[in-house]
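Participant: I would like the entire structure built from these sequences, with the hints used as guidance.
Residue numbers (numbering that gives the first Met the number 0), protein chains in the order written: chain A, 0 to 822; chain B, 0 to 367.
Don't take each hint at face value.
A few chain A residues that don't get close to chain B, going by computed Cβ distances all over 10 Å [what the hints assert, rightly or not]: (1) Gly102; (2) Pro138; (3) Thr548; (4) Pro732; (5) Lys759; (6) Arg807.
Pulled a few chain B residues facing chain A out of the computed Cβ check, cut under 8 Å [what the hints assert, rightly or not]: (7) Gly111; (8) Glu125; (9) Pro172; (10) Arg181; (11) Leu238; (12) Ala264; (13) Met301; (14) Asp313; (15) Pro314.
No lab work stands behind these hints: they were computed from the structure.
Note that the Cβ used here is the ideal one computed from N, Cα and C, for glycine as well.
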Amino acid sequence: MKFTLSWLREHLETDASLEQITTTLSTIGLEVEGVEDRGAALASFRIAHVLEAEQHPNADRLRALKVDTGDGRIYSVVCGAPNARAGMKGVVALPGAFIPGTGITLKQGEIRGVKSEAMMLSAREMGLGDDHSGIVDLPADAPLGQSYVAWAGLDDPIIEISVTPNRGDALSVRGVARDLAGAGLGRLKPFAGKTVPSAFASPLKWEIADPRACTWVLGRALRGVRNGPSPKWLQDRLVAIGLRPINALVDVTNFFTFDLGRPLHVFDVKKVHGTTLTMRMARAGETLQALNGKAYALTPEDGIIADAKGPEALGGIIGGEPSGCDEATTECFIEAALFDPVRIALSGRRHDVRTDARQRFERGIDPGLMPAAIEAAAAMMIDLCGGEASEIVAAGAEPAWRRSATLRFERLGGYGGEAVPPDTAVGILERLGFGVEARDAASVTVAVPSWRNDVAGSGALAQDPGLPAERARAAAEGCAAVEPECDLVEEVLRITGLDKVPPVSLPVASPVPAPSLTPKQARATLARRTLAARGMLDCVTYGFLEAKTAALFGDTPDALRLVNPIAADLDQMRPTPVASLLLAASRNAARGYPDVALSELGAAYRDITPDGQLAVAAGVRAGATPRHWAESSRAIDAMDAKGDVLAVLAAIGVPMAALQVTTDAPGFYHPGRSGVVRQGPKTVLASFGEIHPKVLAALDLTGPAVAFEVFLDAVPEPKRRRRGMPDLAAFQPVRRDFAFLVDADVAADAVLRAARGADKALIADVALFDRYAGDKLPEGKVSLAIQVTLQPKEATLTDVQIEAVADRIVAAVVKATGAVLRA
Amino acid sequence: MTDSMAAGGDLAALQAETEAQLAAAADMRAWDAVRVGVLGRSGSLTGLLKGLGQVPAEQRKDRGAALNRLKGALEAAIEARRVVLEEAALDARLRAERLDVTLPPRPFPPGGPGDGGIHPISRTIEELTALFGAMGFAVAEGPDIEGDWYNFGALNIPDHHPARQDHDTFYVPAPPGGDGRRPVLRTHTSPVQIRTMIGQEPPIRVIVPGRTWRADHDATHSPMFHQVEGLVIDRDITLGHLKGCLIDFLRAFFGISDLPVRFRASYFPFTEPSMEVDIGWNRKTGELGKGGDWLEILGSGMVHPKVLANCGLDPRVWQGFAFGMGIERITMLKHGMADLRPFYEADVRWLRHYAADPLSPPSLAEGV
Chain A
0 MKFTLSWLRE HLETDASLEQ ITTTLSTIGL EVEGVEDRGA ALASFRIAHV LEAEQHPNAD
60 RLRALKVDTG DGRIYSVVCG APNARAGMKG VVALPGAFIP GTGITLKQGE IRGVKSEAMM
120 LSAREMGLGD DHSGIVDLPA DAPLGQSYVA WAGLDDPIIE ISVTPNRGDA LSVRGVARDL
180 AGAGLGRLKP FAGKTVPSAF ASPLKWEIAD PRACTWVLGR ALRGVRNGPS PKWLQDRLVA
240 IGLRPINALV DVTNFFTFDL GRPLHVFDVK KVHGTTLTMR MARAGETLQA LNGKAYALTP
300 EDGIIADAKG PEALGGIIGG EPSGCDEATT ECFIEAALFD PVRIALSGRR HDVRTDARQR
360 FERGIDPGLM PAAIEAAAAM MIDLCGGEAS EIVAAGAEPA WRRSATLRFE RLGGYGGEAV
420 PPDTAVGILE RLGFGVEARD AASVTVAVPS WRNDVAGSGA LAQDPGLPAE RARAAAEGCA
480 AVEPECDLVE EVLRITGLDK VPPVSLPVAS PVPAPSLTPK QARATLARRT LAARGMLDCV
540 TYGFLEAKTA ALFGDTPDAL RLVNPIAADL DQMRPTPVAS LLLAASRNAA RGYPDVALSE
600 LGAAYRDITP DGQLAVAAGV RAGATPRHWA ESSRAIDAMD AKGDVLAVLA AIGVPMAALQ
660 VTTDAPGFYH PGRSGVVRQG PKTVLASFGE IHPKVLAALD LTGPAVAFEV FLDAVPEPKR
720 RRRGMPDLAA FQPVRRDFAF LVDADVAADA VLRAARGADK ALIADVALFD RYAGDKLPEG
780 KVSLAIQVTL QPKEATLTDV QIEAVADRIV AAVVKATGAV LRA
Chain B
0 MTDSMAAGGD LAALQAETEA QLAAAADMRA WDAVRVGVLG RSGSLTGLLK GLGQVPAEQR
60 KDRGAALNRL KGALEAAIEA RRVVLEEAAL DARLRAERLD VTLPPRPFPP GGPGDGGIHP
120 ISRTIEELTA LFGAMGFAVA EGPDIEGDWY NFGALNIPDH HPARQDHDTF YVPAPPGGDG
180 RRPVLRTHTS PVQIRTMIGQ EPPIRVIVPG RTWRADHDAT HSPMFHQVEG LVIDRDITLG
240 HLKGCLIDFL RAFFGISDLP VRFRASYFPF TEPSMEVDIG WNRKTGELGK GGDWLEILGS
300 GMVHPKVLAN CGLDPRVWQG FAFGMGIERI TMLKHGMADL RPFYEADVRW LRHYAADPLS
360 PPSLAEGV
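Facilitator: Structure (structure tokens):
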């Protein structure tokens, strides 16, 4: 909300400086968004009288002026303005002055042989507009030698504050003044509400047909008014805060919207059909032609003001064009009403109308101000437009707004952290308009003023339906008991200054805190670091993408499609982070960086339940390994992704020996070059593989690219087990190599498992060290070569023992895989 | 001309016969034979089209239209079968390109560990975890897609509340059988505070880092971003503790032991009193800690009694504070980053520039 300093001073008697005022506003919760001091830059410019204006002897387009600035000296000024003439009044700048429109500091000079000791200014040179057709031409009665900005009313700084949703009362100059007075920055002037005698019976009456539309309304007619432009002081104020002056009657309603925070509406009586204005809900099919030039199709949820013909206003939001006041209006009817904030908020949102009235009504209006506001508005309208006022007509009744709240002084320290002395606290509350009803050594009970609907208000709870009844009831009781007190603590502390509350470091139960991560959370961190240590760049990507792209990676249920996406290509929650990372790889390739290794710890969305949002460690590698003298470059392949998966699983404590790999990976992988890592037949821990060529093509990737997903939620919590004693046998190990010829579809893992199982006590390790398939072997066969490490525990192995184990190994592999031992 | 022809029966028969042949075509060669047999120079449909001239003039128009319809249908069927067969052929080829996925992977990552690193957001979350961990906070997490009650209602933000409009919420469709309210992409991590208060008896001391979402996209707003919130609930926690906790955190996080911190009254529906917190900086140079200007950095307050009661905590017994701040914002300030957008772009040049060393996780011993 905007207001000017002089406007504020009409309500606040203070000698505080502008800076004190703005600093205080921000401290007490009325954050200053900006201060526009239009006059500050122009303070040195004065009103001057041009005594002579003669043709410059050496320049056709220039004139040599003699200018009286009122300080007893006549200045010689060279001026190029076509309108410069003897006898005119204008604005002069003297040497040393900064000219805002040109950005230069004025110096005395000589122009083509004629001295120029000052400068006559155009509006543009003063930064007051675009007009540069000539120098400013002031009326003849402009006072010579006076400050121009003071005369023009530009020396009134405009302050803009941001008002939080709870403080409807601060959307008024008077409310702001009250808060500043509360903060000790002066005294709130008494409300100078004028009253007007009633001279005739009102031609219009109110009817409340539906209390949902309005609970209380007052009205008053004026007759014999001469509407027209409002006076300069009123126009200046409205313009300063960004409003457009319309005509005196309408300007008065706008003035009170800001001055008292009391929106009013004014009807032209002659344009109202019938003699009754009715507060009711709109009927389907009704429309309102509003004052902003738009037509609104009303719904039965909108509260309206209607005459005999139909809707004349969307109550509390915007008035109707047909019954509005214009310069021909001679008889008008002022409306001051109370509307339900919730209904106003919903109607305003439904029709997307933002008005100053709506902003105030949806935050709550001071119900105690109704009679005074309609008197003050009538008085000002009669002041400006003449005429006389009718009786006040009403419908509905003043709502019950009186509430009390109790503050135990101990809570200022015990809740607010600062033991404000009771007298200080009570003084603040009183200055803010709270009336003391009772006070003792420990507490004070105050009456909440009518304008503070946020204090001790009655907003409903929204308790968790799953709470046990007894617990819910106790919590609700407790809330009712302490909430008003919390409101008062807040009032006191925001005024004394939250900055003054002494900070206290949190007490810790132990100087050595418990771990802050659960084992599951720690695993995510470990996974991220493991992948980064394997050369992957940890990424953060959007969790949504284009539905068409998402469909390449899995199901795209409607339940996971945004109702209101911000862009068409960000509308579907992703089935896997692999999708986002492949898109990222594609963008990097387009930038000239096709060889990437990207990982992300992020969600894969299966459904909207908490369990359907999986924590996944995903990664994508694309392109080739780097060129290096010691290591030649090669294309990335599925084994690289498998290496990442196994590294993550090992890092987060999965027992590796029990893992199995199957070939039923999701469809976005290459069906022959992808796998699923399982712990037992049911638990899927990870998938990995080359990306399907069709997916690559769809994402403009030339490939190769591989990816993996590790499903962190699926990994069982590792048991915290102590390791047994290591077996550090004193005997030399024996290593033996075996090469088997197997069918090409025999899994290498089957050979390794069979060999390992041949003698669990003696065999310490089995490693595959060669795999060969080629034209030296029969079609459809591969050669797998393994090294078996035998670790004797009791005695060095004899040749016979070694041969026996070797035979068992061969037999086991042959039996399990149909292999043939190669010579 | 037969009666069957007049009724178009021959055309229906041709269509049925062609579709059967297509279905039977198991490879591209067979498919091509069907195509040529129908649409080729001497194909069956081509023949019928050529014969149109012999049809009596009064029937020619209808017959011609029927033939064109048939031609369109057959061409579509032939094309559809081609797509199916080609996909099957690709699948077969891919299946033939078999890799034994049970093979042990290579012992070293491709290209070595040289380029890897931790994203600045992840790094900041690790730093937050370390610093708040030292003050006894645990990390709490929760889902991105949330119920309306968890994101708004429980936090004292009813439907009509003006604060809802400030949130620019993303919605997904209301699930069938529910109360008709649409689930939201959480607009803050506060729903996890609610889940924590419902799921755990006080005392509570948690921070909640995580992804958050708002329908806003420009140079300084991203539709997805990250927040960290904190929640402390106990019997005797005051606003003084809130200030102490935040001052301790901010000074440690930015590594400036005398960082000026300012608290201003504000309003949030879920706290009371509410405060905005500013830190001192130099607006011109961006240097933190000196310069006389103030920069708003986070919001905080004492947990509103309604929020406690909504979660079943009796505000006569329990009280505490909550705060929230943008992770990107504090990360950008700490590292002097200029632009928000590259955070989510996964541009390897930016990542390499800003990534943190994975082998040096933040530690209190070394300073975060």
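Participant: Run the structure past the numbered hints and jot down the numbers of the failing ones, going up.
Facilitator: Hints that this structure does not satisfy do not exist here, as all of them hold.
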